[in-house]
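Given the sequences, and given the hints that come with them, work out the whole structure.
Read top to bottom, the protein sequences are chains L and C.
For what it's worth, the UniProt record's numbering labels the leading residue of the first sequence as 1, then goes sequentially.
For what it's worth, the UniProt record's numbering labels the leading residue of the second sequence as 1, then goes sequentially.
Read the hints as simulated data drawn from the structure, not as lab findings.
This one's a predicted model, so the numbers in the text were calculated from it and none came from an experiment.
Wrong hints could be hidden among the right ones.
[What the hints assert, rightly or not] Restraint ranges, calculated between C-beta atoms of paired labels, are given here:
#, chain 1, residue 1, chain 2, residue 2, range
1, C, GLY214, L, LEU22, 53 to 59 Å
2, L, LYS13, C, ASP121, 26 to 32 Å
3, C, TYR55, L, PHE314, 22 to 28 Å
Where a beta carbon is used, it is the ideal one built from N, C-alpha and C, also for glycine.
Here's the letter readout for the chains.
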Amino acid sequence: MRNSRKVAKWEIKRNMKNKSYLIGLFLTPLLMILGFTLPGLFSSDDDNSELTQVYIHDELNLYTDIESIVEEVGFNWQLSKTDLSEEEAAAAALEDSENTAYLFLNEQVLTDGVVPVYTSEEIDVAFMNEVQFLTTPLQTLQLEQLGLSVEQLAMVSNGVVFEEISTEESEAETGEAGLETASPEEFLERIVPGAFAGIIFISIVFTGMAIFQSASQEKKDKIAEIILSSITPTELMQGKIIGYFILGLIQVAVLLVFLVPLVIWKFDMPIMEYLLVPETLLLSVVALLGYLLFAAIFVGIGATMSDMTTAGNFQGFVMMLPFLPFAFIGPVIGNPSGLIAQIGTYIPFSSPGVMILRLSMLEEWPWIEIIIGLAILLISIWLCMKLAGKIFKVGILMYGKNASPAEIWKWIRA
Amino acid sequence: MEIMLSIDGLEKSFKDKKVLHNISFEVRKGEIMAILGPNGAGKSTTIRNIMGIMYPDAGSITFHNYKGNEIPRHKIGYLPEERGLYKNVKVMDILLYLADLKDYPLDKAKERILMYLKKFDLEGKEKVSIEELSKGMGQKVQFIGSILHEPELLILDEPFSGLDPVSQELFKEEIRSLADQGTAILLSSHQMNLVEEMCDRLFMIQKGHKVIYGTLDEVKTEYANFKCTINGRNQLQDLEAIADVERVEQHDNSATLYLSKNVNPSKWLRSLPEHLVINELKMNRVSLHEIFIDIATGKNLLQEAGASDA
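As structure tokens, this is what we get:
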């Protein structure tokens, strides 16, 4: 075990000094952040250009009302008063750059009920919808002009205003306090540990693929024999598995350092609260088991190959195994406790992925299935480690050629 | 001299082909023991079995002075035939890693690394990445890696292959001085001239069988008969008619006469017929190199020698 630790330390150190690893380490979260923010960036870019210059020719003294409405609803408007006449405004709007609108609020509006709006050629598509919000104060004013009594006015305007306020309020609340309904929150509560475990799983499995690289590189560099003159093949293999596991965790840590603040900032949810629950622990264990399974497979297969580029069909097929859970994503999301989901739980190669996915979706955990799935997984890991050990021992010293499945079978039986 | 390693009755088969037949020898403290043989004779297989990289089908490998069945890896230095080091790491880093795997104190290792780098003309290269080194430099680094932890037993598989004469000389000196300091050294080679100059004892192997085993002097007196090279045009039958001549190789104006074992050189010289044309005459023992080539090409000079011996 001491020697395994040394190997692990070496693999970590070697990778940490390797530029391509470091680039990958920070590129992954960067890509994720980009994935998160890029659509947002584009829309917020739009927001910036969408900043609509709204000039109001206000003869009805509604400017302050409009200002408060705009502020409340959160339109991206830059309000200002104007004294331009309609003709001047029309000309100005045409000449003017983008996203400019002129509203004319005069006595005629109250009688006709039509507000002349002059806009520049380029204007945010939502503008004409947004402008409808301004009907409220106008209608109120209209009704006032009709000389209704205060009670009548209140009644009528209530009737009109009621719906509008309610939409305004709910919109405002969404912005401020988040969804208040219970079910989405529960959903988040489940999905956060699941997503966390998923990130761990994917990160360490991908880092685990580097084990494969490392094992076949060891062969290619022909250094295995020197290393094996100091330690046993088992120690070397264990060291690699541990080393890359820690490298995977480093990747996860870097990812979380970038991701958690982003998620908190972007979605404004108490992510830590959802994360620090017992479910996270179980899901993380599942992710860890998944890693061990694939690490064993990769280290074994890596030892049979002298070169990544000469991978045979057999090796290529094995390399695809971690992607097996993707085949189950559709059916599992469709029915998390269905037959396909159960089958996915019992196949060791898809089990970790499917289990993480199911458990983050199901409210009631099917404990029996979980236990059976875990048991199958554990047995598979033990078996794969054993086989990988046998393959590794012979394969790592076979220079210059790839092992055929027949040869590998012979080593396993030996 | 104290025996460090004994090999007894080693047998190994790959698939159905037996590649080692009853190989037995020992390595003693402070001596250079050479395993010689043509390519594919079983040298590396023997060494890999010793190192526990392969497991013999039969026979025993005993490391003396050590208890238990484990190979005392920390006391052994090993330079494999297949040369290689991690590509994208620094010389110092990899040497320290190798020392660490041998449980050698790192501060001491660092000192020794710098000392050896200087000795092998690699001073200032400790921060250079392995991939930037030439093949010979890489081999030196690897050699340093195998002796860094002051092994008691040093096993070198073809240490001289691929080295230029200057580096060969350097390696030779270092190996010799390690032996003088008490390290037991087992090396394999097919470069006879080098081995002849430095080894104390040798084990010659052909197709997995022992051919010769003994000290260099023993082997030479036992197997290396005298040969006489004569420059001058002579008739083949005249040469063959001379007493104690077993075989004649004639090229143009020069002929090499292989003499039988137990010949007395001065007596034999006196017995040369007077009519022979001799512009130049050279008399020496058949070199290890020639024995080796004879074995490898299957001329079986040795068996003749063995037969006449019997």
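Against the structure, the hints:
Taking the beta carbon of each, C:GLY214 and L:LEU22 are about 58 Å apart, inside 53 to 59 Å as hinted. Judged by the Cβ atoms, the range 26 to 32 Å given for L:LYS13 and C:ASP121 holds: they are separated by roughly 28 Å. In this structure the supplied range 22 to 28 Å holds for C:TYR55 paired with L:PHE314, their Cβ-Cβ distance being about 26 Å.
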